[in-house]
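*Asks:* Spelled out from the first residue to the last, the chains are:
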Amino acid sequence: MKLLVCIKQVPDLESRFKPNAEGNWFNETDLAFRMNEYDEYAVEQAVQLRESLGEGTELTVLSIGPDRVVEAIKKSLAMGCDNAAHIQDAAASAKDPWQIASIIAAYAKERGFDLIFTGMQSQDRGSAQVGVTVAELLGFACTTTVVGFAYDNGTITAKRELEGGIKGVVKLKIPALVTCQLGLNIPRYPTLPNIMKAKKKEIVAIPVADLLTEESLAMTTRFHPPAKKGGGIVLEGDVGELVEKVIAMLKEKTTVLR
Amino acid sequence: MKALLIGEYREGKLLESTYELLGFADQLGVETAMLMVGSEAPLPAYGGTLYLADAATCDEYNPDLHKKMILEAVQKENPDYIVFLHSSYGWDLAPRVAAALTAAQVSEVIACVDGSFEVGCCNAKMRRTVKTSTAKTVVTIQAGAFPILQPGGSPIVQKLAASGGAALEFVGYEPAEKKDVDLAKAEVIVSAGRGVGKKDNIPTIAALAKALGGELGASRPVVDAEWVSHSHQVGTTGQTVSPKLYVACGISGAIQHLAGMKKSDFIIAINKDKDAPIGEIADVLVVADVMQFVPALTAKLAR
Ligand SMILES: Cc1cc2nc3c(=O)[nH]c(=O)nc-3n(C[C@H](O)[C@H](O)[C@H](O)COP(=O)(O)OP(=O)(O)OC[C@H]3O[C@@H](n4cnc5c(N)ncnc54)[C@H](O)[C@@H]3O)c2cc1C
Ligand SMILES: Nc1ncnc2c1ncn2[C@@H]1O[C@H](COP(=O)(O)O)[C@@H](O)[C@H]1O
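Chains as they are written, first to last, in the numbering used here: chain C, 1 to 258; chain B, 1001 to 1303.
Calculated from the structure, these hints are not laboratory results.
Hints may be right or wrong, so weigh each one.
Per the computed footprint, the stretches of chain B lying under chain C, defined by three or more beta-carbons under 8 Å from a beta-carbon of chain C, are [unchecked claim]: (1) 1144-1157; (2) 1213-1224.
PhoX-like mimics (lysine-lysine), calculated; alpha carbons at most 20 Å apart, straight line [to be verified]: (3) C:Lys95 x B:Lys1131; (4) B:Lys1210 x C:Lys251; (5) C:Lys245 x B:Lys1274; (6) C:Lys18 x B:Lys1274; (7) B:Lys1178 x C:Lys159; (8) B:Lys1262 x B:Lys1185; (9) B:Lys1159 x B:Lys1076.
As the structure is a prediction and not an experimental result, all values here were calculated from the model.
Backbone N, C-alpha and C define an ideal beta-carbon position, used for all residues, glycine too.
In isolation and in its complexed conformation, chain C is listed as follows (with noise of 0.2 Å):
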């Protein structure tokens, strides 16, 4: 059995964002770039999968973006993945969720997946398209938001999560593709022994160029942070002031100390 993983590296949330030269997109000058938290739920249940096919079994790594992914890809190596494709694209955040979905079916339509998991969204686009795309491009099966997944003889048992924590429970035969959910699993951290084993692995590198064939369909006029709405306070400095000013608060604006 044949299966795909497909991560992104996104930034730091913590981290300020400003603006690149051309307004679209932030500047990456100073950020600090890890995977994608949902592609880890990601990556964690592939390998769970593939542990459990056991031989026989291939797990690939796949990310499009400039040379610094390939930090998220060994990663991804040393959680367990097979072996990687990275397909190299210095100008990845500049396409768009449609583009970046052909570039990934275009790789995967010539190489027989069977089954393909996807995070449900990236942390700093956040457009929860490229999986399902992706599904649309290959004619795969597709479920989103997985937080309950079972393999068993071609057959996936999945619970989607739904709003107020119900959960819908879908069956689905592969060729299939799943976008999964935070807190479908605890995704594992790399041992040592498991890095080293990691940097024997092969990770091919694709241009972006021999993949990609479809024009953007949306375009990022304009990156910018929100308008601040204003009203509330905020308070610097040193925490025993901090304090004071917080219970001052609390007294005067609200009844929870009386």
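Please arrange chain B with the ligands on chain C, whose structure you already have, making use of the hints.
*Replies:* Chain B with the ligands only, in chain C's frame:
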């Protein structure tokens, strides 16, 4: 210009959020038609054309069949926009419709500006303005971003039916986990977010909750990491609360968390990041390390 609005039913009930689609269409200034997979009782309070399919025959969740019917309605109405809620139903179905039409999709729209759309990005810290270049555009709108608009009247119903195979079988619903704390009744909630750092720090946050006579709440990562049980989770997939006082400790303020607590009377956020989006709704943002500030506050309250 015209929009085809895709409403939602869940477990036989029309979802109130369906009317947010009409609020959006109103701001966009377009004509509307609606489509829903649900039932005739109740019909939405809407006087336009409603394409209606019966959930009893094609399930409340069956993306293949629902996509087919939406495409049929798109043929008849020729809309410029096909609009979904950004919900577990909408974000699942929208890209399928967009792909079938090779239409651009803009996800989780929060505002319309001169033919472009505003969306959040970078965990709600920043915004993007997005312009599409296709004849039709698929849109999903953020929950609560647009007002509920209930035009009244009764729809002109056009029945839809779908047949054929589906790649997916909907087995049924599983109810939400039973709660061991009912946060909805609490007057004070002190919630722990990922910013508290580790499980060992949870008692420190719980101690503040106790000192204020309240309950412990949590953001999702804290629940997913099994630091606290799911019954403490606040947000779209947890509980919706409106206490007199809500204290958010090390919580960034993602939309799914805000949806569960923004109606609180008074909100205090403790965050080391001055730009954290929680600051947009907090009455007070305390810029501090949560593990320094919280014990100091608890100690002072105890005196
Ligand atoms: C469909 C769906 C449903 C969801 N449902 C929910 C839900 O019901 N409830 C929910 O909460 N989330 C939900 N989420 C997840 C949500 O999008 C966010 O990922 C989540 O709310 C983030 O939790 P957080 O703020 O604790 O963590 P983060 O976003 O990681 O934020 C941590 C914050 O702590 C601050 N911080 C770090 N260290 C310190 C320190 N030492 N002192 C002070 N501050 C510090 C950081 O500046 C940051 O702002 C859902 C997501 C999806 C896609
Ligand atoms: N550049 C990329 N390379 C590989 N996979 C990606 C990329 N961008 C998005 N994905 C996958 O698609 C999912 C959804 O992303 P998005 O549609 O941007 O919210 C992510 O969780 C990843 O699994």
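*Asks:* Give a verdict on every hint.
*Replies:* Status of each hint after checking the structure:
1. 1144-1157: violated (count 0)
2. 1213-1224: holds (count 6)
3. C:Lys95 x B:Lys1131: Roughly 13 Å separates the two Cα atoms, so the pair holds.
4. B:Lys1210 x C:Lys251: 17 Å, holds
5. C:Lys245 x B:Lys1274: 17 Å, holds
6. C:Lys18 x B:Lys1274: 15 Å, holds
7. B:Lys1178 x C:Lys159: Distance of about 17 Å is within 20 Å: holds.
8. B:Lys1262 x B:Lys1185: Given that 20 Å is the threshold and the Cα spacing comes to 16 Å, the pair holds.
9. B:Lys1159 x B:Lys1076: Holds, at roughly 13 Å.
Hint 1 from the list above is the single one not met by this structure.
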